Each structure stands twice: as C-alpha cells, then as structure tokens.
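S.K.: Here is how the chains run, residue by residue.
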Amino acid sequence: GAVVSQHPSRVICKSGTSVKIECRSLDFQATTMFWYRQFPKQSLMLMATSNEGSKATYEQGVEKDKFLINHASLTLSTLTVTSAHPEDSSFYICSAPIRGGRINEQFFGPGTRLTVL
Amino acid sequence: LAKTTQPISMDSYEGQEVNITCSHNNIATNDYITWYQQFPSQGPRFIIQGYKTKVTNEVASLFIPADRKSSTLSLPRVSLSDTAVYYCLASQDTGRRALTFGSGTRLQVQP
Numbered sequence: 698g699a700v701v702s703q704h705p706s707r708v709i710c711k712s713g714t715s716v717k718i719e720c721r722s723l724d725f726q727a728t729t730m731f732w733y734r735q736f737p738k739q740s741l742m743l744m745a746t747s748n749e750g751s752k753a754t755y756e757q758g759v760e761k762d763k764f765l766i767n768h769a770s771l772t773l774s775t776l777t778v779t780s781a782h783p784e785d786s787s788f789y790i791c792s793a794p795i796r797g798g799r800i801n802e803q804f805f806g807p808g809t810r811l812t813v814l
Numbered sequence: 589l590a591k592t593t594q595p596i597s598m599d600s601y602e603g604q605e606v607n608i609t610c611s612h613n614n615i616a617t618n619d620y621i622t623w624y625q626q627f628p629s630q631g632p633r634f635i636i637q638g639y640k641t642k643v644t645n646e647v648a649s650l651f652i653p654a655d656r657k658s659s660t661l662s663l664p665r666v667s668l669s670d671t672a673v674y675y676c677l678a679s680q681d682t683g684r685r686a687l688t689f690g691s692g693t694r695l696q697v698q699p
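Listed in order, the protein sequences are those of chains A and B.
So the first sequence is numbered by the numbering used here: it starts at 698 and just counts up by one.
So the second sequence is numbered by the numbering used here: it starts at 589 and just counts up by one.
Calculated from the structure, these hints are not laboratory results.
Bear in mind the structure is a predicted one, so any value in this text is a computation, not a measurement.
A virtual CB, placed ideally from N, CA and C, is assigned to each residue, including glycine.
Heads up, some of the hints might be wrong.
Claimed, not checked - With a Cα cut of at most 30 angstroms, we get these calculated DSBU-like pairs of lysine-lysine:
#1 K711(A) x K738(A)
#2 K642(B) x K591(B)
#3 K738(A) x K591(B)
#4 K763(A) x K752(A)
#5 K657(B) x K738(A)
#6 K640(B) x K657(B)
#7 K752(A) x K711(A)
#8 K761(A) x K591(B)
#9 K717(A) x K752(A)
Stated by the list, open to error - Estimated spans, in silico, between C-beta atoms of each pair:
#10 E756(A) x T644(B): 31 to 39 angstroms
#11 V647(B) x Q726(A): 23 to 31 angstroms
#12 P664(B) x D724(A): 27 to 35 angstroms
#13 S667(B) x K763(A): 39 to 47 angstroms
#14 A699(A) x S667(B): 24 to 32 angstroms
#15 K591(B) x G698(A): 24 to 32 angstroms
#16 F627(B) x M742(A): 12 to 20 angstroms
#17 T617(B) x Q757(A): 25 to 33 angstroms
#18 F651(B) x S715(A): 47 to 55 angstroms
#19 Q696(B) x L814(A): 24 to 32 angstroms
#20 N645(B) x S702(A): 22 to 30 angstroms
#21 V647(B) x C710(A): 34 to 42 angstroms
Let the hints inform the model, and build the full structure from the sequences given.
M.R.: The structure is reproduced here in structure tokens:
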C-alpha cells in the first residue's frame with residue numbers, strides 16, 4: 698500500500714516555541730492531506746484540510762493562526778504549531794487519500810507526539 | 589456519513605476469536621462499511637471494507653446482514669499483537685473529505 702511518513706516522530710519543546718511537523722506521501726501524489734489531533738484514550742479529531750496550492754480549511758474551534766498549514770508540493774504538507782503551550786501536547790496524525798483509490802481508504806502517517814513543557 | 593456505535597472496549601485471550609459489532613442504523617444506500625485498526629502511538633490503517641454479505645482477507649472477516657444496519661468484524665485466533673483500537677465507519681468518501689472516526693473499540697488481548 699501507499700506510504701505516508703511524518704517527521705519528527707516525537708518532539709519535546711518549551712512553552713512559547715514553535716514546532717514544525719512534516720507529512721510526506723512517499724510513493725504517490727496527494728493534492729489533499731488531512732491533519733488530525735488525538736488526545737490520550739480519545740478518537741482522532743480533524744483539525745484541518747490541507748490543499749496543495751491553496752489555503753487550508755480549518756475545523757471550527759481550530760485557530761488558523763496558531764496551527765499554520767502549508768501544502769507546498771504534491772507530496773508535502775507541514776503543520777506548524779506556533780507559540781506552543783502545554784495544552785497543545787497531543788498526538789498529531791496526517792492522512793492522504795489516493796486518487797482513484799478505494800472508497801473510505803486513506804493512508805495515515807505514523808503520527809507525531811508533541812510534548813510541550 | 590452514518591453515525592456508528594461500537595462497544596468501548598473488549599477483552600480477549602490469545603487464540604480466541606473476537607467479534608466486534610458496529611451499529612449503523614441510518615446507513616445510506618451508497619455507504620460502504622470500513623474498519624480501521626490503530627495500534628498504540630501509530631496512525632490508523634485500513635483493514636477491511638464491505639458493502640453487503642461477507643468479506644474476508646488475510647487480516648479479518650466482515651459480516652454484513654441484509655439490512656446493513658450493523659456489521660461485525662471478526663478476528664480469528666487473536667494474538668497479543670492484535671491489541672489495538674478498531675474503528676468502524678459507514679461512509680462513501682472518495683478522498684475529498686476527511687474520515688470521521690467514532691470512539692472505536694479498544695481490544696485488549698491477554699496472554
């Protein structure tokens with residue numbers, strides 16, 4: 698199957714700093730990628746839709762100025778958590794569908810665990 | 589996108605068959621039933637999908653009754669490595685929208 702990678706796999710940062718998370722589709726092009734956040738023992742919550750060449754679409758309650766998304770190429774989307782605070786500590790996961798793929802099938806990255814001290 | 593209901597958690601022992609049932613009473617005609625598996629600290633992965641009757645692959649079987657208002661994921665002879673959260677979706681996404689995950693079923697396999 699298709700592979701989506703994320704980097705870094707885990708990051709620890711101080712409160713107030715910014716952190717960039719990369720999501721790459723390794724063997725296919727992804728005009729759309731999705732960013733989710735998952736807190737312990739909870740389900741995945743969609744944060745935003747990343748579209749290559751255009752602005753991201755954010756879900757209600759997600760601050761676009763805090764979670765900056767850039768989809769600069771057909772294989773790379775980045776999520777920057779600006780001025781991170783301890784409440785931003787979470788597991789961030791990206792996904793991408795393949796054009797012409799199976800219904801309801803998306804390929805997920807391995808996730809990035811962010812810990813803000 | 590149909591609302592799905594699954595048990596929050598299940599426990600099993602190695603070697604047993606595990607059946608996880610998902611309810612999707614308001615499933616639409618064009619919706620497919622899809623199951624994802626998520627291991628701890630990993631992203632979910634697609635494991636099986638069906639529209640009606642029975643589907644089997646190398647990982648699991650999926651049973652869907654004629655009314656399609658529920659489905660059952662069957663994992664034969666589970667091992668410790670099957671410990672994961674299993675999510676049921678009833679949807680018809682072609683890649684233009686994000687997937688919506690419910691609470692999932694947390695399966696714990698004991699030795």
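S.K.: Report the numbers of all earlier hints that the structure fails to satisfy, in ascending order.
M.R.: none
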